[in-house]
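Q: The residues making up each chain are set out below.
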Amino acid sequence: MNVAKPNSYRSGPDERGHFGIFGGRFVAETLMPLILDLEKAYTEAKADPAFQAEMNGYLKTYVGRPSPLYLAERLTEHLGGARIYLKREELNHTGSHKVNNVLGQIMLARRMGKKRIIAETGAGQHGVATATLCARFGLECVVYMGAVDVERQQPNVIRMEMLGAKVMPVQSGTRTLKDAMNEALRDWVTNVHNTFYCIGTVAGPHPYPTLVRDFQSIIGNETKTQMQEIEGRLPDSLVACIGGGSNAMGLFHPFLDDPSVEIFGVEAAGHGLTQLHAASIAGGRPGVLHGNRTYLLMDADGQIQDAHSISAGLDYPGIGPEHSWLHEVGRVKYLSATDDEALAAFQLLSRLEGIIPALEPAHAIAKVMELAPKRPRDHLMVVNLSGRGDKDVPQVGDILRGKK
Amino acid sequence: MSTRIDTRFAELAKQGRPAFVTFLMAGDPDAATSLEIIKALPRSGADVIEIGMPFTDPMADGPSIQAAGLRALKAGMTLKKTLELVRGFRKDDNATPIVLMGYYNPIYIYGVDKFLADAKSAGVDGLIIVDLPPEEDDELCLPAMKAGLNFIRLATPTTDDKRLPAVLANTSGFVYYVSITGITGAAAADSSAVSEAVARIKRHTKLPVCVGFGIRTPETAKAIASHANGAVVGTALVDALKNSLDAEGRATDKTVDAVAELTAALAQGVKGAQQAAE
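Protein chains in written order, with this note's numbering: chain A, 3 to 406; chain B, 1103 to 1380.
Simulated from the structure, these hints should not be mistaken for laboratory data. Note that the Cβ used here is the ideal one computed from N, Cα and C, for glycine as well. Be a bit skeptical, because a hint or two may be false.
What the hints assert, rightly or not - Straight-line C-alpha distance at most 27 Å; calculated DSS-like pairs for lysine-lysine:
(1) B:K1116 to B:K1176
(2) A:K168 to A:K117
(3) B:K1264 to A:K42
(4) A:K226 to A:K168
(5) A:K117 to B:K1344
(6) A:K7 to A:K62
(7) B:K1183 to B:K1304
(8) B:K1216 to B:K1182
(9) B:K1264 to A:K48
To be verified - Not close to chain B: a few residues of chain A, all C-beta gaps over 12 Å, as computed:
(10) D39
(11) H95
(12) G175
(13) T176
(14) D189
(15) V194
(16) M300
(17) G304
Bound-form chain A, shown alone:
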């Protein structure tokens, strides 16, 4: 694609929230004053050392950061190529990377005096993280979740309820993550006076893609420091799964201006790219949904199409706008893994490393299984293990038993 290469890949977005043609603020007028307020509050918070210090304190003692960078020796040996390091985001409190962003947003909400928090969730990891921090800070919490996802991610629904959140099953549309986001936006537009919308991924209207990226960048920043300590240099490649793309953006962003680092995002190819899938870059084109312009799955009339992935967290017909831009400028390579490949990776990592991954990062592991053997033994590959698989155990158990 013919897109001018920027001097830095880390300078976006512009003041209107654009990464190239992507991003923007495509929202109803009712919400516009709110997202302008949020932008202002975030700019002020970012410059406030007290805000940063308070957040760092919670990241250390409540979330449990830094998360380890772990050399997966048996996986490395099994694949016979690159040295594979796992960034252990699944060891965070609440079991995924989602908590990094939620902590930041909840602290912003408190700063803005908002008492009621709403969130959308797919796999339930963002919902659990939001419910957790709302419990910690005594805030009302309402989580919208597609009815299909409520069904396939029961353990997380129960967790959210135990934490005092109200889980609202969404019956409209395809009853998955995209509809949960529609319903959360409808709630927000109705309850503007007291409600903060805690978006779980690097998507939505500006400034969300930026602030979620910034809160998640701790993943890449730690990785840089840790790899320097362990191996004395930068990694050679990074691999992460992508639904909206927050765990990937968090790992990638600090490395975007390090040209020696190859970067791979892994979308969900579902049943395969010629059938039902959730790979917006591989199978979509630029359009406008949920407040931003980005790659979307849609038909010839611009109607949004159903996504499919075995993983509820990747089952979304779009992707964060900065990923769309990084794709067009060629800085990040976007690959995809099918349901079956992810299931195989899920089992492999469980058996070789004693780590049951969530189905989402199992997609990243699936591509590591292809990429690592083709690379030399001194190649350092980091994969973001963005969540743990406890929530997927019932679903995968059913699938595997059904297959036997």
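Take the given structure of chain A and dock chain B to it, following the hints.
A: Coordinates of chain B only, in the frame set by chain A:
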């Protein structure tokens, strides 16, 4: 440049009465019935017709209008067919203003320039695009003005005095005041709050101000219209349409009449209102 919208509001001002603005979804429940319904609106008392462009993910709409869009899409409605619907209507009516209302993505995918040319030639007068605030005016608003179409902006209870000038800057035709914070068909509008808000907007613009969201009955329509230049009713008409369908969601011989009868009743309400003081 004067459009059918400007002409219609000028006529109504002369008559000293507010406008009755109707909303229905294009292609609901099917393209042929939809055309018959829209043709019936002016003779039932509609002064301005808003036609929804169906979209899979209508973030500002309540369950009734969401369902209407899905019925239309299921019956094969597309943006191209929506423009054909307007063309069909224009064969017999060259005076009633038509405003297309919806979300940006189908237009973006159709192609902005092609869409504006095709919409103009089909007889469309204005556009209301929910997810295009003034911050995104370069996308469609400015090209639409250049193409001779009115771009009608939504002002809301959260649009404060500081923001109003920006919201009104590139608005033409009329201003659509969303009377509640919320989605279509949700709560009822409070007429004293509406009166204050309309007065506030009028301090910033000479354009007519129509009020919508939350108006369901002739009584509310009358109360709201007496404080504004027009009242918009959508969900109540969409519900009347839906209640006339058979169990499979298909049109029956009652469908067109069901919408026409409610339109007539609401129009009576609006026309009973005194024009708001200019």
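Q: Run every hint past the structure and note whether it holds.
A: Here's how the hints hold up against the structure:
Pair hint K1116 of chain B plus K1176 of chain B does not hold up; C-alpha atoms about 43 Å apart against a cutoff of 27 Å. Taking the CA atoms of K168 of chain A and K117 of chain A, the gap is near 15 Å; set against the 27 Å cutoff, the hint holds. Distance hint between K1264 of chain B and K42 of chain A is fulfilled; the C-alpha atoms sit about 16 Å from each other, no more than 27 Å. With a CA separation close to 38 Å, the supplied pair K226 of chain A and K168 of chain A exceeds the 27 Å bound.
Between K117 of chain A and K1344 of chain B, the direct Cα distance comes to roughly 38 Å. Violation of the 27 Å bound is thereby established for this hinted pair. The straight-line distance between the Cα atoms of K7 of chain A and K62 of chain A is roughly 37 Å, outside the 27 Å bound, and the hint therefore fails. Only pairs whose Cα atoms come within 27 Å are accepted, and K1183 of chain B paired with K1304 of chain B is rejected, the gap being roughly 37 Å. With a C-alpha separation of about 11 Å, the suggested pair K1216 of chain B and K1182 of chain B falls inside the 27 Å cut-off, and the hint holds.
Of the pairs offered as hints, the one joining K1264 of chain B and K48 of chain A holds, with about 26 Å between alpha carbons and a cut-off of 27 Å not exceeded. Distance to chain B contradicts D39 of chain A as a non-interface residue, since its nearest Cβ pair spans about 10 Å, not more than 12 Å. Non-interface status of H95 of chain A relative to chain B is upheld: no Cβ of that chain comes within 12 Å, the nearest being about 32 Å off. Not every CB of chain B is more than 12 Å from the CB of G175 of chain A (nearest about 7 Å), against its label as outside the interface.
For T176 of chain A, the requirement that its beta carbon stay farther than 12 Å from each beta carbon of chain B is not met, with the minimum near 9 Å. Its beta-carbon lying about 9 Å from the closest one in chain B, D189 of chain A breaks the requirement of being farther than 12 Å from that chain. The non-interface label for V194 of chain A is inconsistent with chain B: the shortest C-beta to C-beta separation is roughly 5 Å, within 12 Å. Under the 12 Å C-beta cut-off, the non-interface status given to M300 of chain A relative to chain B is violated; the minimum distance is some 7 Å.
Distance to chain B contradicts G304 of chain A as a non-interface residue, since its nearest Cβ pair spans about 3 Å, not more than 12 Å.
Comparing the model with each earlier hint shows violations of hints 1, 4, 5, 6, 7, 10, 12, 13, 14, 15, 16 and 17; every other hint is respected.
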